[in-house]
Amino acid sequence: MEERLGAPDRESRADAAAAVWRVTGRRHDTAPVIARRLVRRGALHAPHPGALRALTAMRMLPEEARSAVEHIASSPRRVVGGFPCDGTPHPDLAVREPARGLLARTR
Numbered sequence: 001m002e003e004r005l006g007a008p009d010r011e012s013r014a015d016a017a018a019a020v021w022r023v024t025g026r027r028h029d030t031a032p033v034i035a036r037r038l039v040r041r042g043a044l045h046a047p048h049p050g051a052l053r054a055l056t057a058m059r060m061l062p063e064e065a066r067s068a069v070e071h072i073a074s075s076p077r078r079v080v081g082g083f084p085c086d087g088t089p090h091p092d093l094a095v096r097e098p099a100r101g102l103l104a105r106t107r
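One point on numbering: in my numbering, the residue at position 32 of the sequence shown is 32, and numbering is uninterrupted.
These are calculated hints, taken from the structure and not from any lab test. All figures in this text were calculated on a predicted structure; none of them were measured in a lab. The beta carbon of each residue, even a glycine, is placed where N, CA and C say it ideally should be. Heads up, a few of these hints could be off.
Simulated DEER-style distance windows between Cβ atoms [stated by the list, open to error]:
(1) Glu11 x Ala57: 14 to 22 Å
(2) Ser67 x Ser12: 21 to 29 Å
(3) Ser12 x Pro76: 29 to 37 Å
(4) Pro76 x Val23: 34 to 42 Å
(5) Pro76 x Gly25: 32 to 40 Å
(6) Pro49 x Asp29: 20 to 28 Å
(7) Ala104 x Pro76: 13 to 21 Å
(8) Ala94 x Arg66: 16 to 24 Å
(9) Leu93 x Arg26: 18 to 26 Å
(10) Pro49 x Pro76: 29 to 37 Å
From just these sequences and the hints, can you work out the full model?
Encoded structure:
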């Protein structure tokens, strides 16, 4: 599993980092890998909820991810418009509160 931390694929590295953290509690080398996954997905306007949950549980927010988490936390409330999703919550609502909680815990 630890050899996957150096894997060329970002998703594999992040999955391995999360597994290493869950098993060993190591945060110093796993949090940055998980944060990069969040930043990469956030740049695509689809923040990764698992990465956000892991960083919240670690109570760590690497500096490279702070602006992405601040953006998620402050994005305006939206709803999905158009069939078949009229009036349903936008997917970013599911990550807004965890992002705000992470910022509050790591200031």
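For each hint, the structure was consulted:
1. Separation of Glu11 from Ala57 is about 19 Å and conforms to the stated range, judged on CB atoms against 14 to 22 Å.
2. A C-beta distance of roughly 25 Å is found between Ser67 and Ser12, which places it inside the suggested range of 21 to 29 Å.
3. The hinted window of 29 to 37 Å between Ser12 and Pro76 holds, with their beta carbons roughly 34 Å apart.
4. Take Pro76 and Val23: their Cβ atoms lie about 39 Å apart, and the range 34 to 42 Å holds.
5. Checked against the given bound of 32 to 40 Å, the beta carbons of Pro76 and Gly25, roughly 37 Å apart, stay inside it.
6. Taking the beta carbon of each, Pro49 and Asp29 are about 22 Å apart, inside 20 to 28 Å as hinted.
7. Judged by the Cβ atoms, the range 13 to 21 Å given for Ala104 and Pro76 holds: they are separated by roughly 20 Å.
8. Between Ala94 and Arg66 the beta carbons are some 20 Å apart, a value that agrees with the proposed interval 16 to 24 Å.
9. Between Leu93 and Arg26 the Cβ separation comes to about 32 Å, which falls outside the hinted range of 18 to 26 Å.
10. For Pro49 and Pro76, the Cβ-Cβ distance of about 19 Å falls outside the hinted range of 29 to 37 Å, so the restraint is violated.
Violation of the numbered hints given earlier is confined to hints 9 and 10; the remaining hints are satisfied by the structure.
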